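Sequences listed follow chains A and B, in order.
Numbered by the numbering used here, the letters in the first sequence go through residues 1 to 113 in order.
Numbered by the numbering used here, the letters in the second sequence go through residues 1001 to 1114 in order.
Be a bit skeptical, because a hint or two may be false.
[Said to hold, decoys possible] Cut-off 30 Å, straight-line C-alpha distance, at most; resulting in silico cross-link-like pairs (DSSO-like, lysine-lysine): (1) B:K1071 <-> B:K1009; (2) A:K49 <-> B:K1014; (3) B:K1071 <-> A:K49; (4) A:K58 <-> A:K69; (5) B:K1009 <-> A:K61; (6) A:K112 <-> A:K58; (7) A:K112 <-> A:K49; (8) B:K1057 <-> B:K1009; (9) B:K1014 <-> B:K1057; (10) B:K1057 <-> A:K49; (11) A:K49 <-> A:K71.
Since the hints were made in silico from the structure, they are not lab data.
Because the structure is a prediction, the values reported are computed rather than measured.
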Amino acid sequence: AQSVSQHNHHVILSEAASLELGCNYSYGGTVNLFWYVQYPGQHLQLLLKYFSGDPLVKGIKGFEAEFIKSKFSFNLRKPSVQWSDTAEYFCAVNNNAGNMLTFGGGTRLMVKP
Amino acid sequence: NAGVTQTPKFQVLKTGQSMTLQCAQDMNHNSMYWYRQDPGMGLRLIYYSASEGTTDKGEVPNGYNVSRLNKREFSLRLESAAPSQTSVYFCASSGSTQGYEALHFGNGTRLTVT
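All chains, please: the whole structure from these sequences, using the hints.
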């Protein structure tokens, strides 16, 4: 079975700091990759997704992620975070053969003003 | 455009009680899903329905049943609630049955079982 690991459970940054959240998955075949964000008290929303093509994917609100197939990784980055980026971030992987999207455990990001 | 609507938003049950969580989507999506969210564990799939008339077990189906009533509605039933089912439940839908599209989530139901 596929699994998704997010090694940073809690991250605290000051505004304008750079962000990188790690995501690694275990499935060896073709995958679809997603990052979702959950702002306090809200439901999950899509930040960005990768299906094929350019491994550097740009999403909303200045976020981007890079798919590195050899490392089974899909790390999320943002050059300069804002207080409004305080949220929980989830990496998710679908193995392209079925309907089951597997989520990582999430990373809680707190940005101090 | 409402998207995915879940009811209720909050519920407290006693051990052994039953309840049904309702979910409806207005995006004409084929696939619908029920997830539970627990701290540090991300979201885990309970059941999904790839299309009207079909349902399949996900990662953590024990203690739950589902009904895909029609294309719009997908309900989750707890027949005999247990404290281990205390969680936040999210319904989601997708236009793709092969995982090519992102999920659209409802606002969640916070369930406490005492």
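Here is what the structure says about each hint:
1. Distance restraint check for B:K1071 and B:K1009: the Cα-Cα separation of roughly 22 Å lies within the 30 Å cut-off, and the hinted pair is therefore satisfied.
2. For the proposed pair A:K49 and B:K1014, the alpha carbon gap of about 40 Å is over 30 Å, so the pair is violated.
3. About 26 Å separates the Cα atoms of B:K1071 and A:K49, which keeps this hinted pair within 30 Å; it holds.
4. With a CA separation close to 17 Å, the supplied pair A:K58 and A:K69 stays within the 30 Å bound.
5. With a C-alpha separation of about 28 Å, the suggested pair B:K1009 and A:K61 falls inside the 30 Å cut-off, and the hint holds.
6. Distance hint between A:K112 and A:K58 is fulfilled; the C-alpha atoms sit about 24 Å from each other, no more than 30 Å.
7. Note on A:K112 and A:K49: the hinted pairing holds, with a Cα-Cα distance of about 27 Å set against a maximum of 30 Å.
8. Distance restraint check for B:K1057 and B:K1009: the Cα-Cα separation of roughly 24 Å lies within the 30 Å cut-off, and the hinted pair is therefore satisfied.
9. Restraint check for B:K1014 and B:K1057: the C-alpha separation of about 25 Å stays at or below 30 Å, so the hint holds.
10. Under the criterion of a C-alpha separation no larger than 30 Å, the hint pairing B:K1057 with A:K49 is consistent with the structure, at around 25 Å.
11. A hinted pair counts as satisfied when its Cα atoms are at most 30 Å apart, and A:K49 with A:K71 qualifies at roughly 18 Å.
When the structure is compared with the earlier hints, a violation turns up for hint 2 alone.
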